[in-house]
Structures are given as structure tokens and as C-alpha cells.
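**Q** Chain residues, written in single-letter form:
Number of protein chains: 6
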Amino acid sequence: MNETGLLPLLYEDLVRRALLEDLGGAGDVTTDAIVRPGAGGQAVIVARATGRVAGLEPALHAFRLLDPMCRLDVRLGDGSDVVKADAIAHVTASARALLAAERTALNLLGHLSGIATATRDVVARLEGLATRVVCTRKTTPGLRTLEKHAVRIGGGSSHRYGLDDAVLVKDNHVALAGGIAEAVQRVRERVGHMVKVEVEVETLAQLDEALATGVDAVLLDNMDLPTLGEAVRRARGKALTEASGGIRPENVREVAETGVDLVSLGWLTHSAPSLDVALDVEA
Amino acid sequence: MNETGLLPLLYEDLVRRALLEDLGGAGDVTTDAIVRPGAGGQAVIVARATGRVAGLEPALHAFRLLDPMCRLDVRLGDGSDVVKADAIAHVTASARALLAAERTALNLLGHLSGIATATRDVVARLEGLATRVVCTRKTTPGLRTLEKHAVRIGGGSSHRYGLDDAVLVKDNHVALAGGIAEAVQRVRERVGHMVKVEVEVETLAQLDEALATGVDAVLLDNMDLPTLGEAVRRARGKALTEASGGIRPENVREVAETGVDLVSLGWLTHSAPSLDVALDVEA
Amino acid sequence: MNETGLLPLLYEDLVRRALLEDLGGAGDVTTDAIVRPGAGGQAVIVARATGRVAGLEPALHAFRLLDPMCRLDVRLGDGSDVVKADAIAHVTASARALLAAERTALNLLGHLSGIATATRDVVARLEGLATRVVCTRKTTPGLRTLEKHAVRIGGGSSHRYGLDDAVLVKDNHVALAGGIAEAVQRVRERVGHMVKVEVEVETLAQLDEALATGVDAVLLDNMDLPTLGEAVRRARGKALTEASGGIRPENVREVAETGVDLVSLGWLTHSAPSLDVALDVEA
Amino acid sequence: MNETGLLPLLYEDLVRRALLEDLGGAGDVTTDAIVRPGAGGQAVIVARATGRVAGLEPALHAFRLLDPMCRLDVRLGDGSDVVKADAIAHVTASARALLAAERTALNLLGHLSGIATATRDVVARLEGLATRVVCTRKTTPGLRTLEKHAVRIGGGSSHRYGLDDAVLVKDNHVALAGGIAEAVQRVRERVGHMVKVEVEVETLAQLDEALATGVDAVLLDNMDLPTLGEAVRRARGKALTEASGGIRPENVREVAETGVDLVSLGWLTHSAPSLDVALDVEA
Amino acid sequence: MNETGLLPLLYEDLVRRALLEDLGGAGDVTTDAIVRPGAGGQAVIVARATGRVAGLEPALHAFRLLDPMCRLDVRLGDGSDVVKADAIAHVTASARALLAAERTALNLLGHLSGIATATRDVVARLEGLATRVVCTRKTTPGLRTLEKHAVRIGGGSSHRYGLDDAVLVKDNHVALAGGIAEAVQRVRERVGHMVKVEVEVETLAQLDEALATGVDAVLLDNMDLPTLGEAVRRARGKALTEASGGIRPENVREVAETGVDLVSLGWLTHSAPSLDVALDVEA
Amino acid sequence: MNETGLLPLLYEDLVRRALLEDLGGAGDVTTDAIVRPGAGGQAVIVARATGRVAGLEPALHAFRLLDPMCRLDVRLGDGSDVVKADAIAHVTASARALLAAERTALNLLGHLSGIATATRDVVARLEGLATRVVCTRKTTPGLRTLEKHAVRIGGGSSHRYGLDDAVLVKDNHVALAGGIAEAVQRVRERVGHMVKVEVEVETLAQLDEALATGVDAVLLDNMDLPTLGEAVRRARGKALTEASGGIRPENVREVAETGVDLVSLGWLTHSAPSLDVALDVEA
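Protein chains in written order, with the working numbering: chain A, 347 to 629; chain B, 347 to 629; chain C, 347 to 629; chain D, 347 to 629; chain E, 347 to 629; chain F, 347 to 629.
Keep in mind that the hints are not guaranteed to be accurate.
Just so you know, same-sequence chains aren't split out, so a pair can sit in one copy or run between any two.
Unchecked claim - Listed below are the simulated SDA-like cross-link pairs for lysine to any residue, each with C-alpha atoms no more than 25 Å apart in a straight line:
#1 516 x 628
#2 584 x 613
#3 516 x 528
#4 516 x 392
#5 516 x 390
#6 584 x 557
#7 516 x 576
#8 584 x 438
#9 584 x 567
#10 584 x 558
Since the hints were made in silico from the structure, they are not lab data.
All chains, full assembly: derive it from the sequences and hints.
**A** Given below as C-alpha cells:
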């Protein structure tokens, strides 16, 4: 349990595997040759660029796994906005642990802070609008929990977490069921009462069909702006509207200005660049 | 064993975990409600943008894990250059497996093809030069084997795989050892005869010190172009030269034109955008 | 993929661990001493009591793990109602695999069929009423996916699958937030748009407070029948109603006759007795 | 190591998996939204019914996994007989850990205490008799170690732990070997000197055949009471006698009154109802 | 299931881990560079010395894990006595799989055949005597199942498999209990009826005390030959006798000639040299 | 992190698995029956023979896993030379943990110290010569990291750690490539710049061919002494020379006297006998 509310149980295994991936069977041969086992060290994690911190605790966990006695002093935790040279955290640990865990920690922190930074920037572009920013299931294999956390730290929220926690009826489902109405009916008969239902539509005709079934939300996929605007008007008061398809920072505001409730960007988790962070060992 | 030479043993576990991450405990509740268990289906994986395919076999493995009887027909395997609408592979499987594995397969394929595409493009910028493109240990946690594979498919190669398979003496090591010569000597006494030694230097003075120890390679970190050029001249015939630090597609050619043997880009694995790929279920 | 739509990926690991738990390190020492490796065998899984079959495929998977060449012939699959002596499935495998996997297979099948049978019987008691039967998170550690599946096979459905897929605001949450309204508001600000919200209430006053927040469902906990009836009336058209607390087969109909939408029984998964099933090896 | 002598190494993994099964990838979304990370809390685990406590330490381990700094204060540990409202243990932990681990802890404690309670009650019915109560391999997949522990806490003991630690020659073995004598001889040639041999028999003729081989114990399966009595007489002084088949609390005493050494009840582990336990968060 | 009766489930995970240990993250870089993916190959596993084969199936499993379509043709399976140049098995597989799995397969086969060979040779030294050869828990971490199998293939048998399947009261237990009688009594009260009890003794006085409790077996530890002979005489007809402590091939016959029932050699599993085996790739 | 520089992350899982292998599901039934849970104990690990200690920390980790509060007091850590009766370490822990972890700890310590002792003795035989002793990939499955560590503690070093960290072109590779030159060229095109290349040769003609390609090292396999001497002369100044094939303690000095740079002994890891160590519980 920690200040960001991310349970260590949800990421410990990932950090362990990441370290083992880097250490191989032989460990850090350079450090083992140069640094004697008992030597202590101190280091600071610093930002090398402007952005928002996310994933600091999983990143610091790498040091804890190699040196359970290490001291971790967080200065700018998850959600902090940093500029170049800001000190994010201080680490006091055995010198060997510092050097062996460095890359694993920075890889995690840079990747997740990159996502939080990108989300923050997209959210900022929507200032003054009621539209919310959501991410998708287009996440990096093995990192979904942390990437969704980073989006939230950036001010966005999540669509479904996975295939299991909400219904999204997509074009292929509709085709296999023989129509939107039939698909929604089958879903209603089967899923529990705590599961919401959303239907993906690409045309206004499909939208009308979906709204007629009383679904909770509609995913308006790849519509041009005028069509999207009309779809939002038709759905108002009937279902939540969510726009998706090719939304990037550059065009997100014009999409949101249609009045759509949510904009959905796979880009946040599959293509946001890493934030540059570094570890400086102190004398 | 497969045509790209990537042993399934090296990625099976990752694909399994990625699927379970998406399925949760309850599985694909939408598909389970709509598609009856026995129904078969056919789908094609298509490119939605220009790029180079990488990671197709791990991606297709997702379908195999959900339907061991599925048929996988590769049209444009790893290393193929694709344009929008190209059919990459056909999949015949139970309709449920098709839909439940879709996102996992595409997440892997898009991520790895994005890296291969970026690498290919960087390599293309160096046409006519002898400089090789290498990636670093700045990889996504859990994905190193596949990301390094994608770089190779893109025409690049790898620096160290991990901390265990080569020596890279960095500034922190030098500081802790009390000098480059001392650090290299300690390394030589300890590591096996099949391990190469590279030293990171930031100034020409450090370079001279490193070359005097007879190391195999020098990592020229964050040097401006004139200094880098001078460093390359001094090292010629004595050690391999590798430039690193802030190298991006935009400036890679001017760095390479210094005559440096290798350019090293963390960017390839931590920030290359995903390639857009999709799965179309066929009637 | 199989006819019940339960993906093997969701249970393979459990079956493997169950077998290893029974085999220990030394394996089936009795069978190994008596039966020669090459000997084949045939067996039939039979019901020893009246009930409904559930979990047959995970159960049969135990034979497949010990003899990949075995032949499995399902006669009365998940959802079938059986009486004593009914043949559920025939298994042709090496004699050693038959005997070594027998107990693991029967333990799974008996446990899950017991839950399906109990659920079926509870559902039958509600004939003519619109009330649905749901199970809870009171499942056996490690078996949630399969136990929830068994409930569905018995005609019930699921409340939340876990802590992650829906919001249930309970008394402790309300106490910590300082009121139902405050708790619901915090939840709305944080969770994604695809997540439903239910609030647990114990009194009519709490119910009114919950309904005022516009929640999706209310959990009416441990109310006596007259109070429950009044609660159902107040909530009608505003939120789904779910009764819980001490509901057993004996009293489920009188609870349902209040008109409540759902009755929730932890009993189905934590206390339903096993169905008696056996494996008869054939000459 | 703890006061019940159950090594944590034997259950840690199970508790971890049970927590992850409940948390999914997204964690406890309700609690995360309502309770701030730093908040502490105090709770008491109470009995809601009469019974015997078992499995308290694995149950409490759930809190430790989510909050390593939690304080656990056991009042009525394994083996304690409790009545409604008894405080079993106090837990001081972060409020988030308390709420997120609650269900996992109670599921374990209720399940195992249910088995211990049932065993205690069966043992009580045999007061004044020398017959011992034993459980079987009919356990819940993944829970054998803990369920056998619960039986012991209830006053019973174990037959074989698994297929690997003792020989039980059953009807199928006899059929495949071509006779009891042949089966026992094959076993004697193969198993180590520290392994006991028991033979399952259904008739007095089979019993005589088994006794002639000098086995350590005989399992008298599904015999009516007069036959069982005769079997016990014939075996006296030659082999331990164990009755099995359809033994329930209701008939266990009359079976035991035949003088049989052991009564074996699969019912204890596959069908004993859960003990009702709850967690009350304190102001 | 296979001809030696060793269930693959008991060794698959070990072989997988052994392969991954050799492949690291980058795989077989030499073979990947030289051999094209599609190339097939044929090889023969040959003995390079005289000995007894054991562990062939786990060894061959390494090829199956890298090439599921490989063909394995066993010529001299577990239990076969081989001389130099004997062909043990033929393997047809992709050339890459052959080369990448070679070392893992040979390491397993050489290690286990070394143990079987050593056991066979010790058994041969006891020709004409009734004494049986047993191994101990002094096995290599992670390999107990396979090493105990190898001993059995060599003609020996097992003492306890582990701490869980039989009672061995050792000196430390006696000291903590306050005497042999007290220790045995505590054990009898607690363990199930299918568990045998053995007591370790070092003197004739202790032996008499142990025999008085009616234990199943006595472990005569580190006795000189005359004492051992006297111990065997005293125990005759009362308990099985087992000699242990410093027994090696050189002195095993003189120990056995005391008439002791069993001789126990940790040496078989912790110090037997590997059998030399090789893989020859055929043109 | 510890004084030998072996990161616990690299061995924790192995020690855990070794303990579970010994404990089975039922745990240490003897100790559980005799020793009450709360009892404390003290013990000393002693050498029973002359040798060099290696693997002490992984061995002691077994006690930590069963009793996290234990106190470990190292007297003669890795690299210490011991004689019979030397106290290697003192352990204060719960008596149950002491007894249950004893065998696992000693199995690890004996095995690894056996390898370190054998290596030390081989190194001693080369006194006055410049030749270094290296081990191979002929390690026990699952133990490579620790066995290579033990060799280093004994004064030897490692050839490749695995298939992934260096290139060794063997006879089969040459055959498949169609010649040494072709094989080396393919390797050079593919592997990274930090990977060294060694070629295995059996004749002087092959040696010349290999040297012509400019490889880093040559493995001189199974050459008689005069040929080996000539090979060393030809390779001087061109490539490192390594002798392998049938090298044992008895003949290692005459091989080294040819002036070869390295002698490679699979024997060190696959056939070195265990060092005798014991645990004495103190009153």
C-alpha cells in the first residue's frame, strides 16, 4: 500500500521479471568486477525533460528487490509535474544494487511517465470542455495495470480494463449475431446486472439501432466531424457518447468540440514517447 | 522453431500472460454472450500504414493458445515491408478465439512492427555509410527479447543484451574504481575470456585513457560533432567506436558522417510509435 | 475453445497444480508398481446422485495432461441434468493416466457440479417469479472462475467478478467517506464510464440516501421481509434491487416474493455440498 | 513458522493467488476511489456462528501481503472453539489493505473453520470409542495442505496425503494385476521400506485374501454394518481396519461401534459448510 | 505417460527451465547466425563410456520443447546397459533445435545415467546378499524426482522421498523430546495410520530403547562393523535395519555382510560422476 | 546484495523450490509431531572434510525462508578454506525451521563447496603456469548460476555462460555452413559488436583455417599433447587458445604445460564430489 494507492502486489512480479531479464544468469558482470560488495552509495533520480511523473513506486521497487535495506526518499511522486533537472527521488543503497537496478527502474519510470505526460497534454488541450479523455485496451503486453494507472495520473480515465469487465459490442459481434438488436439482447440475457453495455457504431443508422436497444454507451468509430456532431445530438440524454479512431493530440480538441462525452486514444498507451529520466550517482 | 528463428520457448510465456491480462477471470464476456462456442471464423490481419512487419509469430501464437486447432497462413512475415491494406496473415479459428485473441495479437504486432519500422527508417538514412545502427538496454520491461528481435528485423543490431553478457564500464564505475585504468584492470581479472570490454567516455582525455588500456570498444557519450569526429580519428585501429546520447532519426546521419562505427539509439525501443495493424473478420 | 465456451487458458494452470498436488514428487506409487506403462484402459465417469453437471471439461483436462493421446467422449456435458448411474463421459487412456488422474478429475467435477446443482435447485424454487439468482465473491480461493461458471450453468448469474470490475459501496466505505452521497461522488469522479455503481444499505433511510445519488443498484442487506418489501417499492424504477444476507434455499422464495430484482447467495459457492460422481474402469 | 506449526512457505503462494484473483488488474476500484492511501484502520474478525477456528494464519497473511506493516493480534487461534460474536483477531492496517484483503481472508477462514468444525462434531459423536476419524484425498483442488490441516485441528487425522506417500491398492489395481496377492507382491517389490500398504476390499472373501498377504491396513468399502463387524473381527491383530463409503455425521457412530479402527469421511473436505465469519471495521 | 512410467508432468517444468537457463534472452546466437530456420537435421545420442541409461525421456523432452514436430527414436531406454559407442536414441528435428537443445539434453542424461550406473555397480557388489540399496534425501536441489528415479533404474530404492511421507526420528528430535520413547509417542499421536516410523540410533543402548517402542525400522548410523552386526542381531524380527554413514562402493559389501536389511548411500545422488554421453549430428 | 556479490534475486527461487520439494504438501511430519511451534534452537554448520566453502548464502537462505526472524552468523564465508570440524556458520532460529531447512541448506552447501574445492585443487596443480582454469556449460539443470559462482570461488572462471552470450562455432556448425570461413563470416554479419567469436578445431589444418578468419579464440578439442603444443605455437599472438576434452585433475598440468591459455573442464561441474558438511543442533 502506498501513497498512489497502487498495491505492490499488482506490480512486484513485473519488476522482478524485468530485473531478471536484465541480470540474466550471470548478473551485472561489470559492477561485480569493479565495486566491492560492501560499498554503499547514494543516487538521485532526475528528470531530463519536462513532464509528469508516473510509476515511481514500481520503479523504486527495483532497488528494494536488490537491496531490502535501501532507503527511498520520494521528492516528486506520481502526479508531480517536473522540469529538466528536478530531483524526483533519492536512493541510498549498496552501490552494487544502485548500478544493477538503475536501468530497470529508469525503463519503468520513463515509459510510464511518458504516458502520463502525453495524457496530461491531451487533457490540457480540452480545457474548458466537459469531454473526458480515456485510454483503450491497446496497451503493451504485461503492462496494462501500470499503463492504465499512468493514464489516470495524467488526468485521463479508462474504458474497459479488459475483455471481462464490461461489454463492448463491436462490428464483428453484430455481424455474427445478425444485427445490433439481437446482439444486445443476447448480452443482456447473459451478463450480470453490474456490467454496462456499449455498442460500437460507424453510421448514424447503426447509431439509431443501438440507441433503440437502450444501451449505456455508444462508441462512435471513425466518424467525420459533422457526422460525429449529429451522432452526439441524437444520443444526448439516451446514452454516453465516446469518439474513437485516429484521435491524436493534434485533432483531439476539434473532436471534443462536437460535445462528445469521451474521446478515446489508443495512442496514449501504444505510441507516447518515453520521458527522459536519469540516475546520478553521488560522490 | 519457425522461419524467423525465434524459438517459441522464448515468447510463449509472455503471450500467455498478455492473454490472461486481457481475459481476466471472467473471459471475453461480450463474445461469450453473442457467439456460440462451435462457430468458426476467418480473419485477415492487415496493415493500416506503411512499415516493416516484426513479431508476427508471437502475435499469431495468441490465436494458437486459444484454439490449438486454428490455421495460420503467413503472407508477409517478419522482415516484409508493407503498405496500407496489405494482408499480413490469414487466420482460421473458432470465432470466439478470433475475437478474444485479437487485441493481444495486434498489440504485440503493432508494437514490434513499430520498432522494426523505425529501425529500418534509421538504417535507410545511413545509406552509403559503413556505420551500423544498434539498440540499447532501454527496452520495455518484459519485452527485451522481442524488441531486440524487432531491431534486428529492421536492420539494426544489439549492444549488450543485458548486464550479464558484456562489460560496459560507465562513469559511475570509473568513479567508484578511481580511474579508467583501474576499472578496466579489475574487469580483466574477473570476467571470462569470451567477454568484451567497452568503456564509456565523455571527453577526449578520458578517451585517451581508455584507449591506453586496450579495450575492445569505446562508447562516446554526448559528444558534440567536432569532438566526436576527433574521437573517431584517435580511436581508429585501436577500438570500435560507438556514439550515443540524444541520437534521433533527425540527426543520426550527421552523427554517422563522423565515421563512427556504431550509432546507438535508445529511442528505437522506448519511443518508436506503434505500427497500425488491424484484424478484419471475414464473412 | 470448447462447447461450454470456457477457454482452457482460464483453467489449465489450476488443473495442473491440482494434479501435482496429488502426485507429489514420487507420483502414483501404487499404480506405478502394479500397472505396466504401456497398458491401455477405458473408463466411464458416472453420476452417483441426481444433479446438474458442471466443470466437465476442466475435469477431463486432468486426463489430457497425463496422457495427451487420450480419447474423451462427452455424453452429458455442462448443463445436463443427471440421475444416479448416468454415464457422463467415457475416457480411453493409458491405464496409468486413468488411475493417476481419477481423483483430481472427480474432485473438480463433484465440486463444480455440486454448485451447479444447488443453483439449479434455488432457481427452481423461484419458478414464476422474475427474480434472478446471483452469486457473490464468497468463493473458494483459486476457484473463482470455475465456481462462477458453475453458477451460470445452474441458471444463476454473477454479481461482481472481483474487486476490479464494478463498484460496491459498503458500510465501511460509507463510514470512511462520511456519508453515502460523498462516497458515491468520489467514486463517480474516479471510475471509468463503463463501471456500474451499487450501494449497500441496511435501512430505509440509507436507501433513500442512496437512491438520491442515482446509483445503478442497491444491495438491501439483512432486511426483514416487510422492510425489504418497502425498500423494493421505493427503489422501483430508480435502481435495481438486490437482497442479501442469510439467504438459503429454504427462505429464498419468500425473499423473492417481495419483488426484489435479485437474490444474492454466498451459500451457493461456499457451502453447497459436492455432487457424488465416480470413475468406473471398464474391463 | 508460527504457533500452529504451519509453515508460511506452504500457503503463501495460495494466498497471493487468491488476492490477485479478487483484485484483477485494476485493483479495488471502490476503495481506491473512496479511501485515501494514507488512512489507517482497525478491524476485528468475529465469529457469526458456533464452531472451531482453523486457517487463521493463512487468512491473516492476506493483510500482510497488502500491508507488510500491519499489526495482527490473534485472540482465538486455530483450535479455539468460538460462539457467535467472539473476537477471533484484531487487525490494524492501512484502511485500503483492510478493505481489499477482507474477502480473501474471510473466504479462507470460513472455509477452513467449516471443515474443522465439521470434523470436531464428528469426533464428538464418537466419544467413548477408540475409533479415529480420518479424511481422504477428496479435497478442493489447490487446498489440500490447508484442508488436511483443518481436519487435524478438528481432531481428525489424514489417510494418505497424496498418491505418492502410501500405497492403497484399489479394486481397479486388483483387476489390472489379476488378484490381490499379485498386486500386493508387485507393490512390495517396488516401493521403499518406509511405505505402508493398504488394500481396499468390498467383501469378506477379498478381506481374507488381503489379510493373507500381510498388508498393514484394509479399507473396508461400502460394507453393511453386520459385514463390517465381521470384517473387523477377522482383521483384529492382523491389520488396521478402516471403514469408508457414505459415512456422514448421522451414521458415523453406528459404523464406529463395529470396532473399526478408523472411519474415513470424504464429506469433511468436500461438503462441510463454511463457518460464518465477518470483519468489522472499527471507527 | 511413457515406457519408464515417469509422468512428463513431473519433469516438464524442470526441462523447460533448464533450456531457458541455457538460451538466456537472446537464444543460441551461434546457431541462429549459421543455420537457416528451415533446415532439418538428424542426430544420434551415443554413449562414450560404459554405464546404465537413465533419464532418457526427460532428456529427449528438450528437443520436443524446441521442435514439437521432432521424431524421437529410442534404441536403449532407461535401464539399458551400454558400452562406448552404443547408439542410445536417434533424433530427427530442425537443425536449430538439435543444436540448441543438445547441451540441456546431455546434461540431464549424463547426470542421471551417472547415478543409475553408480547404483547398478553398488548393487552388483552385493550379489548373493539380501541387503537392499537405498538412497537418501541428499539430492541435488530441484532434481529429487529424477534422481530417485535414476536410483530405482540402477536397482536401488528410496528411503523417504521427503520430509512429508514418513517419520524419521533423528538425534536432534530425541534431544528435543527428551528421549526416544517420548519422541516416538508424540509421533504416534499425531501422524496418520499410513505413515511408518523409523528411529536413528548410534549406540546399542539407543537401539534397545528404540526397539522397545515397537518402531517399524531403525537407522543404524555410523556404527563400526562389530557394533552394527550386534545391532542387526538384536533387531532381527523386531524392526527393519538400515545402515548409514560413510558408506561408499569400496566398503558397501562388508557393511552388508553384517546382515543389515538396507544400506543407505547419500553418495549415490550427491557425488556419483556423470556418464559421458554425446550427440553426433549426422550428415 | 551480500558479501560474495551474489544477488539473492538470482537464487531465491531455486532455494524456495528446493525447500518445497523436500516439504511436499504435508511438511516435516516428524518435527511437527515432536517439536512445539514456539521452541527456539541454535545450530552450527560444520565442515566434515577439508575443502573450500561456496554457496553459503544460498544455503543459509533456506533458514530465512522458514523463519524470517532467524539470526545468521557467518564465520567462514565463500572462499574460505576449511578443515574438518571448522564452524562455518551459526544459525539461531525456531527449532522447527532449523530441522526442516537443514537438509536443503546442506545439499546446496555441499554441492557448491564440492565444486569450489575441486576447482581450487585443479588451480593449485597449475601453480607457476599462466594457464587459467575455466568451466563449461556442462552444469546441472537449474543450477548454472550457482555452479559458475562456485567455480569462480575456487579460482576458475567461466567460458560462455550460455548459448546467448558468446559465439562458439563447433564442428556441427562448420559442417552445416560448409566450412570454417563461411561459418565465421555468417556469425560476423549477425551478432552484435560486443560478442566474441571462438571456433572449435580438432586438427592443425582446421586451426589454420580458423586463425585465417581472425577469430578471438580457438577451442583445441581432444588433441594429443604434441599436436596441442604445435597448435599453441601457431596461434600465439593471433588468438586465445583453450584446450578441452577429457581433462581431469590427473592430467591437467601436462596439458597446461603446452602453454595453452586456458584449460576447460566440464568435470568441475558435472562430476566433482560433494563436500561433507553437517548441521549440529546445540543444546
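**Q** Does each hint hold? Answer for all of them.
**A** Consistency of the hints with the structure:
1. 516 x 628: between (54 Å within a copy, 14 Å between copies)
2. 584 x 613: Answer is neither; intra-copy 28 Å and inter-copy 38 Å both fail.
3. 516 x 528: Classified as within: same-chain Cα gap 13 Å, cross-chain 35 Å, threshold 25 Å.
4. 516 x 392: Between copies only: 18 Å across chains, 44 Å inside a chain, cut-off 25 Å.
5. 516 x 390: between (47 Å within a copy, 16 Å between copies)
6. 584 x 557: Result: close both inside a copy and across copies, 7 Å intra and 20 Å inter.
7. 516 x 576: within (21 Å within a copy, 40 Å between copies)
8. 584 x 438: neither (56 Å within a copy, 38 Å between copies)
9. 584 x 567: Within one copy only: 18 Å inside, 31 Å across.
10. 584 x 558: both (9 Å within a copy, 20 Å between copies)
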